Every structure is written in structure tokens, then in C-alpha cells.
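Student: Residue numbers (my numbering), protein chains in the order written: chain Y, 791 to 1141; chain C, 791 to 1141.
It should be emphasised that the hints constitute simulated quantities derived from the structure, not laboratory data. Here the structure is a predicted model, which is why all the values come from computation and not from measurement. A couple of the hints might just be wrong.
All copies of an identical chain are treated as equivalent in the list; a pair is satisfied when it fits inside any one copy or across any two copies.
Within a straight-line C-alpha distance of at most 30 Å, the following computed DSSO-like cross-link-like pairs (lysine-lysine) qualify [to be verified]:
no. : residue 1 : residue 2
1   : LYS994    : LYS937
2   : LYS1084   : LYS1019
3   : LYS937    : LYS839
4   : LYS1084   : LYS853
5   : LYS839    : LYS1084
6   : LYS795    : LYS862
7   : LYS824    : LYS874
8   : LYS952    : LYS1026
9   : LYS994    : LYS1026
10  : LYS1084   : LYS873
11  : LYS869    : LYS883
12  : LYS940    : LYS952
13  : LYS883    : LYS873
Residue strings, one per chain:
Number of protein chains: 2
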Amino acid sequence: MSSEKILIIGGGPAGLEAARSIADLGGDAVLVEKRERLGGTPDSEGYAKLTHHWLDASEVLGKLAAAVTSGKGVDVKTKSEVKKISGSAGSFKVEIDASGKAESLEVGAVVVATGFQHFDPGRATQYYNYYSFPDVITLTDLEKMLKENKVVRPSDGQTPKKIAFIQCVGSRDRQVGNEYCSKVCCGVASKQAVELREQISDSKVFIFYIDMRMYGYWEPQIYWQAQEKYNVNYVKGVISEVLQKGNQLLIRGEDTTMSRPMEVTMDLVVLSVGMEPSAGTRSVAQLLGVQQNKYGFIEAGGATGIDPVGTSQAGIFVAGAASGPSDLDDSFAQGGLAAARALASVRRVIA
Amino acid sequence: MSSEKILIIGGGPAGLEAARSIADLGGDAVLVEKRERLGGTPDSEGYAKLTHHWLDASEVLGKLAAAVTSGKGVDVKTKSEVKKISGSAGSFKVEIDASGKAESLEVGAVVVATGFQHFDPGRATQYYNYYSFPDVITLTDLEKMLKENKVVRPSDGQTPKKIAFIQCVGSRDRQVGNEYCSKVCCGVASKQAVELREQISDSKVFIFYIDMRMYGYWEPQIYWQAQEKYNVNYVKGVISEVLQKGNQLLIRGEDTTMSRPMEVTMDLVVLSVGMEPSAGTRSVAQLLGVQQNKYGFIEAGGATGIDPVGTSQAGIFVAGAASGPSDLDDSFAQGGLAAARALASVRRVIA
Chain Y
791 MSSEKILIIG
801 GGPAGLEAAR
811 SIADLGGDAV
821 LVEKRERLGG
831 TPDSEGYAKL
841 THHWLDASEV
851 LGKLAAAVTS
861 GKGVDVKTKS
871 EVKKISGSAG
881 SFKVEIDASG
891 KAESLEVGAV
901 VVATGFQHFD
911 PGRATQYYNY
921 YSFPDVITLT
931 DLEKMLKENK
941 VVRPSDGQTP
951 KKIAFIQCVG
961 SRDRQVGNEY
971 CSKVCCGVAS
981 KQAVELREQI
991 SDSKVFIFYI
1001 DMRMYGYWEP
1011 QIYWQAQEKY
1021 NVNYVKGVIS
1031 EVLQKGNQLL
1041 IRGEDTTMSR
1051 PMEVTMDLVV
1061 LSVGMEPSAG
1071 TRSVAQLLGV
1081 QQNKYGFIEA
1091 GGATGIDPVG
1101 TSQAGIFVAG
1111 AASGPSDLDD
1121 SFAQGGLAAA
1131 RALASVRRVI
1141 A
Chain C
791 MSSEKILIIG
801 GGPAGLEAAR
811 SIADLGGDAV
821 LVEKRERLGG
831 TPDSEGYAKL
841 THHWLDASEV
851 LGKLAAAVTS
861 GKGVDVKTKS
871 EVKKISGSAG
881 SFKVEIDASG
891 KAESLEVGAV
901 VVATGFQHFD
911 PGRATQYYNY
921 YSFPDVITLT
931 DLEKMLKENK
941 VVRPSDGQTP
951 KKIAFIQCVG
961 SRDRQVGNEY
971 CSKVCCGVAS
981 KQAVELREQI
991 SDSKVFIFYI
1001 DMRMYGYWEP
1011 QIYWQAQEKY
1021 NVNYVKGVIS
1031 EVLQKGNQLL
1041 IRGEDTTMSR
1051 PMEVTMDLVV
1061 LSVGMEPSAG
1071 TRSVAQLLGV
1081 QQNKYGFIEA
1091 GGATGIDPVG
1101 TSQAGIFVAG
1111 AASGPSDLDD
1121 SFAQGGLAAA
1131 RALASVRRVI
1141 A
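Chain Y on its own, in the form it takes in the complex (with noise of 0.2 Å):
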């Protein structure tokens, strides 16, 4: 028996634009999601604003979320996980865990919208302290607060007034495993930089980097803004690491443009982590038996070997950041192109 139904591992922004657009084009898909919560990463994790279009994330999310739950031909499963799957491309079976309820169903194609998490900054890199010292955090943990407008110094609740972004924690990197760059830390970054500026009117801002990869419109809309109007300062450099000096932070390095070693106190210090496969999409993978590259993620190329959204099993789909570093713009235009690529695999069988 062939099934028409389309499952759609994962919530987040590449997983709803799949799961939208099936819905537009009269399909009838099933998404799968882990959390409570609809929205990816960028939910879970408390995004302020979106790099680059400046808007709401929230909102952003919540409007799409709201477009798949409350439209048609979208079965949402929230609180439920793919336990075992098995058939092929038309005819897949699929166990699932829906809410703690144990459910099947057959589905004729599989988009995987698994996502990424962030590199862990105490697994590898311990010369940054990250977990010795509270006023080193993350990109994950600024964004956090400068969601709430409230950015402070976990040690002590004081305003930090000198803050600086090391940037590449986790990325460009052989000795951690991650070789690839993480394609978005520049820019969110530059944009948390931004928003530090506008909340902290009287603070002085940081970035220490090896290339800025401000790609695209990324340039003029957010790095000549940051420089320009907001001050922020842009060091390229390399960050050996990350000293206590009394109530602040030393950081010791190298300018490189000024070709000197460099040692500056800080009042914060945040770590632009980078992305990894996240432990769904390593185990939907493992479980699809789709091959992963070297870095865990899913191997796109498809057979023609230039698909962004193919993998190495017909009928199964990636989207997003489970195939790789992504920006929001490709995880939106993948989801389309997944839900397009799917939705023709199971007609054509069909048919």
C-alpha cells in the first residue's frame, strides 16, 4: 500500500515552511515535533530579533506556527518522537511516540527538518572558562537577555559597560572536529552587538574575528550599520584565552591586523558558538539510515549530487540545518523546496 501522507521530523523554521507549503498544494502531512512548542531553535532558545530581517522572532515563528496548526492538511504532533520507521520511498511505517501514546502510520515521503544545537564552549575550548567564569556566556545566553532588555553580569548583576564577542567557538575548527563554519555567528553577532549599543547607550563593543562573513545584504544591513552608526569595534584577532583579573576579564591574544599580542580587561565576554548536528537530527538519521557527513549532519546532493534537499534514500527529504550550517532564509526557501520535491515523489507514485 502507498500513502500520499508526508511526514515532517521537526518544528522549526524549515520544518513548518515544509509543512505550510504541503498544506497550500492540497497535501496532507504529519509533523513531528519533540518540544511542546512549535518554532525551532529560534523558540526554544528565546531568539530577540532575526538576523537579518530585524523582526520580532517570536512573532515571525509564532505566525507561521499559527498558519500550519490552524490551516488544513497539517496533522501537528507536538510531545512525540519517531521510534522506528522502515519500508521505502511510497510506503514508508512509522512508530511514534505521540505524547507518551504509542501510534503508526504510513507515509509515502519523509522531510527531516531536525535542526542543529549549539557547540557546547566547556567541551573543547576550556582555555575560554566558560564554565569557570559566570560573565562568560554564550550567543545563546546574550540573546536571552537582550530578549528581556535586561543584559547583565551573571557574577555580580552589575550593567557590563566593555563586552567582547570571540567569535568562531566551535567553527573553523580541526581540533573540536568542526572544520565547516557555522555560516550565521557573524552575523548574529554584529546584530547582538547592535542591539547591545541601542540598550546600553554608555557601552563600548567588541568583535574579535578571523573573517568577518557578512554575505550578501548581510554587508550594508548590519556590519557598515554596526561600525558606522552603533561604534562597534571590529579586532581581527585570535583569542588564546580568557583569564580572571580581579571583578573582570582578561583576554589575551593576538591582533593580528596590528601584528602585536594583545591583553584587554572585559566586563563580559560572549562566545559565538556555532552550530552542530543536534541529537534528533543524529538520531532521525541514524534511524532513516540517510548518510551523515563527517560532522554528523545530513548528507544533501541527493542522487544528482547538487539537491539541496536530497539525501541518499528516495523518497526521504532534509531541510534546514539538519543538513547543515543554515541561515533562516535557507531553511525557509529548502522547506519549500523539500515540500515540492515530496509532494511530487508521492504523487508520482501514486499515479
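For this one, chain Y is given, so just place chain C on it according to the hints.
Tutor: Below, chain C alone, put in the same frame as chain Y:
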């Protein structure tokens, strides 16, 4: 009268993917392409290998074009141009010059995939002397020679041994009006540097850059390879002029990492020219009345502000480089999303 037919303008990667997706979903598309051949810029400018897939460009685009022309659902009109369009979502009246014959048709939605053109380095960057010195060429000039496996100095037909790429020519440049980053030139130059090192084994290749924007997998797949396996020399520096010195080229600038002025001679200088809206993108935008941004690209975002393929007009969608700098993955993914949106929009109107 409303129509389910969808007009796709442009037969490059984004337009072809949109056409294929619409056909795969049982839709009805007309693809209008100005040139005699499909394949867009990768075809017209004779791309050798694709960035970052390292696959043969003609082969990949050829297969995609064949799928579109040989399948059902897409009426392909080459050597054709849209001359006039009126109406609104669900019912547009289109007048076409189809290989010299006037035709008119009704469509329910439009996908604009009219792409980009390369920046003309003679226009405002004459300090590089593109029009004066034959051995100052562009990425696209070099690409054609790489495809033929015959890279020579245009001045004397000799094989160049010292080759320099100058990045960001016509990008990130307020003076020429292109403030944005063209996104792909770092990857393309690095890919070409690798190909040069493969084709001319005793060559030395230099890339002068501001930031190397090798996002995502381009970092390990191209950038690291170029440095470690192919010994491409990356120099963070700004080149201010290119002069003739005997039968060589003298490039002058500043090595910003070494903080010193720099004067080096080269056999061949390659200008990494960025993306600008194609003439077709500009004229089609005006014809359709969709909003363009200050650079002339079509403004994406749609009603929500975050739709990568939405325009200022209902029923009109944009995919690929017509809305700004895009890599091949972007073009394919956006082609699919635009197909899904366009098809949903015409079916909604009909239902």
C-alpha cells in the same frame, strides 16, 4: 478569467528548478528565456566546475534543462522576451516576443528568475586597468580558459606562472554603489585558484582579500584544500592599483596583516567581479511593477518581510540572483519554494 498557468521568466538554475518543480507537481508552466539556450549564466559564461560541488557545470545544467524540455508541463520558449504584462494575481495578461512572433497568454502567477550580471570592472575601478592591460582579466574570462584547459596571458599567449586574484571588485564598495557582498566570489576565486594549480603545476597563485567569506562547507571543501593541498597564498590586503612593468603587471597596495605597503609583479591579474542585477532583472521588475531595492535587485520579503521569494506584488515571486547575490544552492532552493508558492496561489484562486 483566471488561469492556473504559471509564467517563469528566465531559464537559469532558479528558473529551471522552478519549472521542474511545477511540472513535477502537475502544474502548467511557460518558461520564457531570452537566449537560444537554457542554463543561465553558468551556461552563457562557460563555467567550468561548479562552486562548491566541483561538478561539471555544463553537465549539471544540461541535465536539468533536459528534464525541463523533455518532460510534460513546461512550454519552453527560447529567444523570447516578455514585452508587456497587465492584470493581477490569478489573471495576468502577458505579451511575448517569441522568436520574433508576437504571442499573448494568460497566466495566474509569475516567477521571476532573471538573475544577475557580472560587474563591469572598467566602469568605476579603472585603477585596475581592465580595459588598458590585456593581462588584467575577470573571473569570467578565466573561467572560460579553465574550461578549455588552456590558461594563457592574452597579451602574448604565454602560460602565466604568477597569478593574483583581487577580491571585492565591484562589491562592498560604496563608491561604485554596490555596498553588498556578492557572496560567491571568495568561493569562485578559490575554486579557480585550485584549478589553476592543477592545470599549471609550477604556478604561484595569490588571493588578495578583505575577508574570505567561505561560509558553511566551503571552508573545509574549498578553502582548506586550496591552502593545504594546493598551496594557494591568501594575503589579507587592499590593492590600490595595477600598473604595467615591462611585460609584467605590478600590483600595489597594502598587506594589512603585515601592516606594510606591498608591490609585487604578476603575470596575470584576475579581478573577482561581483554580481549586479542583470538587464533582464531591471527591465522585468519595471514591467511587472515590483519593488526594487536601491541596487536594482528585486526586493524579496513579501507581505511578511521574511519570505525569500515574495515580492511587493501578490502572485509575483522571485527566485535566485534576481533578488540579490545567491549561490547555486540558494537558486535551486528558492526555485522550489517559488514553485510551491506560485502553484498554491493559482490553485487557491481557482478553488
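Student: Compare the structure with each hint and give your call.
Tutor: Results for each hint:
For the identical chains of this complex, LYS994 and LYS937 are intra-copy neighbours only, at 20 Å inside a copy versus 50 Å across copies, given an alpha-carbon limit of 30 Å. When the C-alpha separation of LYS1084 and LYS1019 is checked against a cutoff of 30 Å, the pair qualifies only between copies, where the shortest distance is 19 Å, while the shortest distance within a copy is 41 Å. Taking the shortest Cα distances, LYS937 and LYS839 sit within 30 Å of each other inside one copy (8 Å), while across copies they are farther apart (44 Å). In the homo-oligomer, the alpha carbons of LYS1084 and LYS853 lie at most 30 Å apart only across protomers (29 Å), although the nearest pairing inside one protomer, at 36 Å, exceeds that limit.
For the identical chains of this complex, LYS839 and LYS1084 are inter-copy neighbours only, at 24 Å across copies versus 32 Å inside a copy, given an alpha-carbon limit of 30 Å. In the homo-oligomer, the alpha carbons of LYS795 and LYS862 lie at most 30 Å apart both inside one protomer (13 Å) and across protomers (24 Å), since each shortest distance falls under that limit. Taking the shortest Cα distances, LYS824 and LYS874 sit within 30 Å of each other inside one copy (15 Å), while across copies they are farther apart (50 Å). For the identical chains of this complex, LYS952 and LYS1026 are neighbours both inside a copy (18 Å) and across copies (28 Å), given an alpha-carbon limit of 30 Å.
When the C-alpha separation of LYS994 and LYS1026 is checked against a cutoff of 30 Å, the pair qualifies both within a copy, at 17 Å, and between copies, at 26 Å. Within a single copy, LYS1084 and LYS873 get their C-alpha atoms as close as 24 Å, which meets the 30 Å cut-off; across copies the closest is 50 Å, which misses it. For the homomeric pair LYS869 and LYS883, the shortest alpha-carbon distance inside one copy (20 Å) is at most 30 Å, but the shortest distance between copies (48 Å) is not. For a Cα distance limit of 30 Å, the shortest separation of LYS940 from LYS952 inside one copy, 15 Å, qualifies, whereas the shortest one across copies, 55 Å, does not.
When the C-alpha separation of LYS883 and LYS873 is checked against a cutoff of 30 Å, the pair qualifies only within one copy, where the shortest distance is 11 Å, while the shortest distance between copies is 51 Å.
Of the hints listed earlier, there is not a single one the structure fails to meet.
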